[in-house]
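Colleague: Single-letter residue listing:
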Amino acid sequence: MSNKTSETTARPPRKPGSQIIVDTLIEQGADVLFGYLGGVVLPLFDKLYDAPIRFIIPRHEQGGCHMADAYARATGKVGVVIATSGPGATNLTTGLANAMMDSVPIVAITGQVRTELIGNDAFQEADTTGITRPVTKHNEIVKDPSLLAQTIREAFYIASTGRPGPVLVDIPVDMQTAEIEVMAPAPIKLPGYRIREQGHARQISAAAQAINDAQRPVLYVGGGVIAANASQELRTVAKKANVPVTMTLMGLGCLDQNDPLSLDMLGMHGTAYANYAVQECDLLIAVGSRFDDRVTGKLKTFAPHARIIHIDVDPASISKNVRVDIPVVGSAKYILTELEKELVHRDRSEWFQRINDWKKRHPLRYDTKADTIKPQYIIEEIYRQTHGDATIVTGVGQHQMWAAQFYKYKRPRQFITSGGLGTMGFGLPAAIGAQIARPGELVIDIDGDSSFNMTMNELCTAVQYELPIKVCLINNNFMGMVRQWQHLFYGQRYSCSSLQNPDFAKVAEAFGAVGFTVKDKADVPGAVEKMLAENRPCVVDFHVDPEENVWPMVAAGKSLHEMDGLDIFEMA
Amino acid sequence: MKHIISALVLNKPGVLAHVAGMFAARAFNIDSLAVGRTDDPSLSRMTIVVVGDDRVVEQVRKQLAKIVTIVKVQDFVGQDMVARDLMLITVSCPGEKRAEIQALIEMFNAKVVDISSKSVMVEVAGPETKIEAFIDSCRPYGIKNVVRTGTVAMARYGRTQAENQ
Chain A
1 MSNKTSETTA RPPRKPGSQI IVDTLIEQGA DVLFGYLGGV VLPLFDKLYD APIRFIIPRH
61 EQGGCHMADA YARATGKVGV VIATSGPGAT NLTTGLANAM MDSVPIVAIT GQVRTELIGN
121 DAFQEADTTG ITRPVTKHNE IVKDPSLLAQ TIREAFYIAS TGRPGPVLVD IPVDMQTAEI
181 EVMAPAPIKL PGYRIREQGH ARQISAAAQA INDAQRPVLY VGGGVIAANA SQELRTVAKK
241 ANVPVTMTLM GLGCLDQNDP LSLDMLGMHG TAYANYAVQE CDLLIAVGSR FDDRVTGKLK
301 TFAPHARIIH IDVDPASISK NVRVDIPVVG SAKYILTELE KELVHRDRSE WFQRINDWKK
361 RHPLRYDTKA DTIKPQYIIE EIYRQTHGDA TIVTGVGQHQ MWAAQFYKYK RPRQFITSGG
421 LGTMGFGLPA AIGAQIARPG ELVIDIDGDS SFNMTMNELC TAVQYELPIK VCLINNNFMG
481 MVRQWQHLFY GQRYSCSSLQ NPDFAKVAEA FGAVGFTVKD KADVPGAVEK MLAENRPCVV
541 DFHVDPEENV WPMVAAGKSL HEMDGLDIFE MA
Chain B
1 MKHIISALVL NKPGVLAHVA GMFAARAFNI DSLAVGRTDD PSLSRMTIVV VGDDRVVEQV
61 RKQLAKIVTI VKVQDFVGQD MVARDLMLIT VSCPGEKRAE IQALIEMFNA KVVDISSKSV
121 MVEVAGPETK IEAFIDSCRP YGIKNVVRTG TVAMARYGRT QAENQ
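Listed in order, the protein sequences are those of chains A and B. Residues in the first sequence are numbered consecutively from 1, following the numbering used here. Residues in the second sequence are numbered consecutively from 1, following the numbering used here.
Take these hints with a grain of salt, some might be off.
[To be verified] Pairs of lysine-lysine residues, derived as DSBU-like cross-links and limited to a Cα-Cα distance of at most 30 Å, are as follows:
no., chain 1, residue 1, chain 2, residue 2
1, A, 15, B, 12
2, B, 2, B, 72
3, B, 62, A, 77
4, B, 97, A, 77
5, B, 66, A, 333
6, B, 66, A, 300
7, A, 15, A, 77
8, B, 12, A, 298
9, A, 369, A, 408
10, B, 72, A, 320
11, A, 519, A, 408
12, A, 333, B, 72
13, A, 143, B, 66
14, B, 12, A, 320
15, A, 519, A, 369
16, A, 360, A, 558
17, A, 333, A, 77
18, B, 12, B, 97
19, A, 320, B, 2
20, B, 62, B, 12
21, A, 360, A, 341
22, A, 320, B, 66
23, B, 62, A, 298
24, A, 189, B, 2
25, A, 530, A, 408
26, A, 143, A, 240
27, B, 62, A, 300
28, B, 62, A, 333
29, A, 300, A, 359
30, B, 12, A, 143
31, A, 77, A, 239
32, A, 300, B, 130
33, B, 130, B, 144
34, B, 97, B, 66
35, B, 12, A, 189
36, A, 189, B, 62
Note that these hints are calculated values from the structure, not bench results. All of these numbers come straight from a predicted model, not from anything done at the bench.
Based on the provided sequences and hints, a complete structural model is requested.
Modeller: See the structure below:
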């Protein structure tokens, strides 16, 4: 009898699915959510009303997704975004694709129409899992409320482990309203998901041997090092083995760019010394990078003299674009730690002599004597006044490349940019996400006029949450990078690449932010100073030289050493 | 070169769409794809025939293995294995040709599964080459319809060396 009573009292408590979702998000460490309301997520939002969790409402779901993305990039934690069914979910897709390409951990929760309506073309119904499958690492629709908590736990696990990425959980509204028993977390059981963290010992030794033997080695490191929180390990390896380091756009900050070992960025708009070093090296050590076409240029002639070591947590990255001599599958953190033990210091003075010659002969340059405001000058000025300490966020295009070239990054997660997908409009929402991740720190969005036009409605969000982000517009009244390509490859026929812009300063003011315009070169330092002193969201509209190009440039299909624009300043 | 890839997948909605979508998105060509349940109701087996050089097929294998709902991927290339197709074929068969066609069916160790006054439906199983040879042999009589399952395959010793993960 007494047994029976204890059995009934031991029955687990019941809660609505919406509460289970909130509880599981908190359990998984989510302290900030980004997202937008809608019909089929109302039960969930009702439970968020009382939850000890911060909620940021963007003005568009794409913005929310970029905010969660930048939050994840800035903190290393999983970013969480919530959207309703149908248009809410479809609006997430750009943000998810962006996170997928750059391997950013995001959990997206979408509402879905009631299970019995699925497939009936119900109001605001979309096949969310179908639409987002190619742009997520994994997705899942929950059709049994008892699986809610575990599905969300799995989503966090998949998003944050291995090669990180976005995971979407689609939750029909009746799953949110169903009363379900609260169950203790079960161990994650995913038979199809295995991660190799530890690299193969023999491969690591082979890699160490190759590095020790190399005369002219180069480390080519990418976002994978940052994702694995392995920047410290990378620095140790580079210093111990005495190997110069070039970073991809996603890898900037892995090594302090003021370090003499830094070759800065390589690739299409990389430095001459990085590209030359890659083309002449006898050993290329790729860590957490994926031989993207913007990095390699013409594949056939990429690093022609080099044996290649590729360290990556994703086996599918290895030998995808180039044939690798020594593949090492595993986490950069683990492998670099193991590798370091077997490395010896080598002098390599001839190699460094050659590199330093290139550095001297071909530094990044622009016309400092011009009367117009050169975009590079603004970025140098920001760099100078912020002592290289600000978190820099960008949109996509010329301004992004200049921000990568002329700001020297010291730390991982200091530079937040849309690399793989190249999503214009990423800058402003990303600055918001980064500022929320780093309250009290300086976050500057170096943006283009066209990029900013795409998502500038998020200024409302910055104002509403009193986020002192700075937006520094490199305004050339063009889609600058498109114009550059039309200039170089389409006979200067600027088809559809110039836009009529609003008065951005007035726009900013109308949103409740601070805005001002800079048209004179002499005003740049003062404007930057004023911007940095502002404690409200601030937009500075710099009217720059409209036809400035990004140099150097490896034209599409050219080899890395075939850079244009190296002699352009001697000619000027 | 033709590769037969066998994937053990979770028996869940969306897995087939994921596989088909990944092939399309990465511009891999599927020669044939056969899916069926296994003895474990939570798992299905996909047998995918892919044509491509070793590098392409290696990528196919790795990209398949990356899909969270795919448990295990094997490439049967160079393995001792049994590969079979099943085909139903309806061939024109007027009375005067019946004996000829019957002889052909016996030669191929095939089976008549339906018959009408003008045609005969035949079930043929075997390696792909045999299926193709049967189709060619039937052509002179007039083929009305062909349905094929695509290849299914199994390693002879239960294990293959090219196991992934």
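Colleague: Now tell me, hint by hint, if it's right for this structure.
Modeller: Hint check results:
no.	hint	verdict
1	15/A / 12/B	27 Å, holds
2	2/B / 72/B	20 Å, holds
3	62/B / 77/A	27 Å, holds
4	97/B / 77/A	74 Å, violated
5	66/B / 333/A	21 Å, holds
6	66/B / 300/A	27 Å, holds
7	15/A / 77/A	28 Å, holds
8	12/B / 298/A	42 Å, violated
9	369/A / 408/A	22 Å, holds
10	72/B / 320/A	20 Å, holds
11	519/A / 408/A	26 Å, holds
12	333/A / 72/B	27 Å, holds
13	143/A / 66/B	24 Å, holds
14	12/B / 320/A	29 Å, holds
15	519/A / 369/A	16 Å, holds
16	360/A / 558/A	24 Å, holds
17	333/A / 77/A	17 Å, holds
18	12/B / 97/B	48 Å, violated
19	320/A / 2/B	20 Å, holds
20	62/B / 12/B	21 Å, holds
21	360/A / 341/A	34 Å, violated
22	320/A / 66/B	14 Å, holds
23	62/B / 298/A	24 Å, holds
24	189/A / 2/B	34 Å, violated
25	530/A / 408/A	22 Å, holds
26	143/A / 240/A	54 Å, violated
27	62/B / 300/A	23 Å, holds
28	62/B / 333/A	22 Å, holds
29	300/A / 359/A	26 Å, holds
30	12/B / 143/A	12 Å, holds
31	77/A / 239/A	29 Å, holds
32	300/A / 130/B	42 Å, violated
33	130/B / 144/B	19 Å, holds
34	97/B / 66/B	53 Å, violated
35	12/B / 189/A	15 Å, holds
36	189/A / 62/B	21 Å, holds
Comparing the model with each earlier hint shows violations of hints 4, 8, 18, 21, 24, 26, 32, 34; every other hint is respected.
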